[in-house]
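Chemist: Residue numbers (my numbering), protein chains in the order written: chain A, 1 to 319; chain B, 1 to 241.
It is worth saying that the hints were derived from the structure and are not from the lab. Please note that a few of the clues may not be correct.
Derived pair list, reagent style EDC-like, types lysine to aspartate or glutamate, alpha-carbon separation capped at 16 Å [to be verified]:
{"id": "1", "chain 1": "A", "residue 1": "Lys178", "chain 2": "A", "residue 2": "Asp199"}
{"id": "2", "chain 1": "B", "residue 1": "Lys238", "chain 2": "A", "residue 2": "Glu69"}
{"id": "3", "chain 1": "A", "residue 1": "Lys178", "chain 2": "A", "residue 2": "Asp225"}
{"id": "4", "chain 1": "A", "residue 1": "Lys169", "chain 2": "A", "residue 2": "Asp120"}
{"id": "5", "chain 1": "A", "residue 1": "Lys151", "chain 2": "A", "residue 2": "Glu5"}
{"id": "6", "chain 1": "A", "residue 1": "Lys89", "chain 2": "B", "residue 2": "Asp11"}
{"id": "7", "chain 1": "A", "residue 1": "Lys219", "chain 2": "A", "residue 2": "Asp120"}
{"id": "8", "chain 1": "A", "residue 1": "Lys101", "chain 2": "B", "residue 2": "Asp11"}
{"id": "9", "chain 1": "A", "residue 1": "Lys151", "chain 2": "A", "residue 2": "Glu72"}
{"id": "10", "chain 1": "A", "residue 1": "Lys151", "chain 2": "A", "residue 2": "Glu29"}
{"id": "11", "chain 1": "A", "residue 1": "Lys101", "chain 2": "B", "residue 2": "Glu9"}
{"id": "12", "chain 1": "A", "residue 1": "Lys219", "chain 2": "A", "residue 2": "Asp244"}
{"id": "13", "chain 1": "A", "residue 1": "Lys89", "chain 2": "B", "residue 2": "Glu9"}
{"id": "14", "chain 1": "A", "residue 1": "Lys219", "chain 2": "A", "residue 2": "Glu263"}
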Amino acid sequence: MIPIETHDLTKYYGSLCAVDHLNLQVGNEIFGLLGPNGSGKTTTVLMLTTLLRPTEGSALVCGHDVAREAQEVRRSISYVPQDMAVDIKLTGRENVTLFAKLYGISRRDETIDRVLAMMDLSSRADDLVRTYSGGMRRRLELAQALVHEPKVLFLDEPTIGLDVAARRKIWEHILTLKSRGMTIFVTTHYMDEADHSCDRVAILDHGRVVAVDSPSRLKGRIAKDIISARISGNYPETLPEGVDFLGERDDEVVLFSSDNGSEKVPVLFRWLEDQGATVHSLSVREPTLDDVFLALVGSREEGSGFDDHKFRTMLRRRS
Amino acid sequence: MRDILSYFERDMLRWVRGRLAVISALIMPAAWLIFVGLALPTTFTDNYIDFITPGILVLTMLGASLQGGSLLIFDKILGFLNKFLALPSSRESILYGKILFITTRGLLQSTVILLLALLLGASFLSPFSVVLTYGILALFGILLSAFSTTVALYLSDHDSYAAFNAMVSMPLFFTSSALMPYAVMPSWLAALAYWNPVSYAIDAIRALQYGVLAWGRIGALVFLAIIVVGISIVQFRKVTL
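Just chain A, with the same shape it has in the complex (with noise of 0.2 Å):
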């Protein structure tokens, strides 16, 4: 059976469209959703968890509908949202129980030491969750959804607010959890986390999804390299073969992509000085998931797809 698939999902805020016909099937897998904030993220992750009616379309999740078999879906399903909903006045253990009790867990002692020590809390389990860091409070959330053995579980911005180190924890207990056969869709606009632990990703925009596929192969769509730049002067309407502009990033740095970066770095040089621009550095790495996203929807913060047309404007404008 397929953990998720969607057919057309849409949801209207009134006349503005969140969520615009998404259609997505998600493997046993870790399956991300990526995209800036205000993409339709946290619309589709709550329509998925039965807690939003889609305005159209329908979506089946372990096979059943989220709008006419709810119940069900909220079976098998477990859902952590972003806000880091954790009783401070209440002990790690006594915030597991209140779950375990809902779900109506049989051998429910065992079961909550088991989730516990599975997120590490077990030392910490009896004190207050008032005196616990964020990522601890996070992990209390994922033993608290892990009660009742969730088939899909639900992830909302799982890393946000959370320093590096809690951050790699946490990714590597979702990991784990994939390997012990559980389909986890999460949410993020942490590019280089998906990119190290997602098996998929569906890039979304405006509600729309632009790309699905592993980070590797979006990596692969690109280019082989990117070269990032500093440029001020005049820009240049054309380049030289062999080298495409990517786009410009919010700190203004300019990317270009090309399959054979380090032989074209000497050729761009010149091609940008003869062209009367000054060049103040230039550099070769490898793609990330945050060039694709920029080749495929332009500038994070416009969020609006790139065109041509305005990219000269833009090199006009700088001359």
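Use these hints to put chain B onto chain A, whose structure you have.
Modeler: For chain B alone, kept in the frame of chain A given last:
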């Protein structure tokens, strides 16, 4: 039933561990008892503390119930409600859990006020009338906590809930029969007070002081409670974000 008790237990633990909140809710009704009950020069009765005690007991319940709505507001703002709504357990058990907790908390607070009233010289007819008083207070608590929790479901932040609370609680109290009998009220107020649900509870308890069961008032309270809880259940069942 187990779900309701789980939600109840969660709220109870959080309340008991927040020490300040346990005390602060009692200040207002205690102040009414002492500063108004003992001090107000009244002409219609020699024993004003006896007269005002039912009113203050119901005020305690009213305050506790309306305050209780903010529990759901916080559950909503902080993301707990989302987690609860995604659980397979029935959604109205969230509502029942809140009603049970808010009403229980109100009854505990009323007990402190009742003891204080007895200390200040109020008298109750019999232990039986005290039991019935608790029954009426519980009924009133169920009505008001269902109302406030459902209102909270539709308000988006704590400020607007606080505004709702301020708008409802004092007018309900002052237009009730808590402070004076209908006979000494101006006629417009008497009419208003007679139809105020807060008066249903106060009048029913006051009648107990004379050993009378005011079936009309109790019946009205039951009727209202059934309607309000019914509406609340429907709202909780169909809630989406």
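Chemist: Does the alpha-carbon distance linking B/Lys238 and A/Glu69 stay inside the 16 Å limit?
Modeler: holds (14 Å)
Chemist: For the pair supplied as a hint, A/Lys89 and B/Glu9, is the alpha-carbon distance within the 16 Å limit?
Modeler: The given pair, whose Cα atoms are some 13 Å apart, holds under the 16 Å limit.
Chemist: Within 16 Å, alpha carbon to alpha carbon, are A/Lys151 and A/Glu29?
Modeler: holds (11 Å)
Chemist: Tell me if the straight-line CA distance from A/Lys101 to B/Asp11 falls inside 16 Å.
Modeler: Holds. A/Lys101 to B/Asp11 sits at ~15 Å (cutoff 16 Å).
Chemist: Would the hint linking A/Lys89 and B/Asp11 be met if the CA-CA limit is 16 Å?
Modeler: holds (10 Å)
Chemist: With a cut-off of 16 Å on the C-alpha distance, tell me whether A/Lys169 and A/Asp120 pass.
Modeler: holds (10 Å)
Chemist: Between A/Lys219 and A/Asp120, does the CA-CA distance stay at or below 16 Å?
Modeler: violated (35 Å)
Chemist: Does A/Glu72 sit within 16 Å of A/Lys151, going by the straight-line distance between their CA atoms?
Modeler: Distance ~12 Å between A/Lys151 and A/Glu72 Cα, so the pair holds.
Chemist: Could you grab the alpha-carbon distance between A/Lys178 and A/Asp225 and see if it respects the 16 Å cut-off?
Modeler: Not OK: A/Lys178 and A/Asp225 at ~31 Å, beyond 16 Å, violated.
Chemist: Between the alpha carbons of A/Lys219 and A/Asp244, is the straight-line distance 16 Å or under?
Modeler: holds (15 Å)
Chemist: For the pair supplied as a hint, A/Lys178 and A/Asp199, confirm whether the alpha-carbon distance does not exceed 16 Å.
Modeler: holds (10 Å)
Chemist: Is the hinted pair A/Lys151 and A/Glu5 satisfied, with a Cα-Cα distance of at most 16 Å?
Modeler: This hinted pair holds, its Cα atoms lying about 14 Å apart.
Of the numbered hints given earlier, the model fails hints 3, 7 and 14; all others are met.
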